[in-house]
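Visitor: Sequence:
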Amino acid sequence: MEKGADVTIVALVYRSLRWLDWCMESVDNSSNQISYRWLVVANDATDEVRKDPRITIDFRNKDPNEFYINRVYRAWNQGIVGSPTQLVCIFNTDMYASDGWLDELVTAKRNDPKTLPASMLVESGSVPSAMPEYVHNFGMNPDEFKKEDFLQHAKTMRRPGEFETGRLYGPVIFDRQEFIDFGKYPEGNPGGVPGDQVLFKRYKEAGYKHITCLGSVVYHAVTGEQLWP
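Under the working numbering, think of the first position of the sequence shown as 1, with each following residue one higher.
Treat the hints loosely; a few may be bogus.
What the hints assert, rightly or not - Straight line, CA to CA, 30 Å or less: simulated DSS-like cross-link-like pairs of lysine-lysine:
hint : residue 1 : residue 2
1    : Lys51     : Lys184
2    : Lys114    : Lys201
3    : Lys62     : Lys147
4    : Lys184    : Lys62
5    : Lys204    : Lys51
6    : Lys51     : Lys114
7    : Lys114    : Lys62
By construction, these hints were calculated from the structure, which means they are not laboratory data. Predicted model only: the values in this text are computed from it and were never measured.
Construct all of the structure, not just a fragment, from the sequences and the given hints.
Guide: Structure representation (structure tokens):
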């Protein structure tokens, strides 16, 4: 962690330190000018995870058997509200960053504070993607991940400074106070609508723009802790 960091990157983990290692390695090894610090939330985690020195917040849900996604939104709220910096980025542990990904998000937010800038995802294709034209399977887990192939692919496809309206919901940069003012992620799944869509709708109704930054390229294995290892 860095003192005086520009951004806090929040990650959630509940049973797989291998996924946490993988995502943190990608961010720590990517080339960015923006300084950052990690905030790792142990989300209803195993005892092994809770003892890991990287854990910042040990969050225990009142109902550990509640639907998994509901508990994920609660944990994101804990991490974002607990951030020591104004700018906060959420980052899934089944994602792998490429060079410049964070710079692009922060630059977009600083250039126009009334934006919600999200990364462009290259997804494995194991589930339908919101950007199907960019689906490319570089591996479903850290052990089979084709790192160099992905990084080269990201280098050739990234378009710095360009964006598309809407599309993806994370990784995304929030202003911490704005996030609180807009009510945070709904802690549940209201009316069957995903919580990120509910929250982003509030922002858009207040005049904010939701964009996907085409220079911020991140791989999404889509597997996650529930399915591997």
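Visitor: Each hint needs a verdict: does it hold in this structure or not?
Guide: Here's how the hints hold up against the structure:
1. Lys51 x Lys184: holds, 28 Å
2. Lys114 x Lys201: Measuring from Cα to Cα gives roughly 13 Å; hence the hint holds.
3. Lys62 x Lys147: Not OK: Lys62 and Lys147 at ~38 Å, beyond 30 Å, violated.
4. Lys184 x Lys62: holds, 18 Å
5. Lys204 x Lys51: Distance ~40 Å between Lys204 and Lys51 Cα, so the pair is violated.
6. Lys51 x Lys114: violated, 39 Å
7. Lys114 x Lys62: violated, 34 Å
Hint compliance for this structure: hints 3, 5, 6 and 7 are broken, all remaining hints hold.
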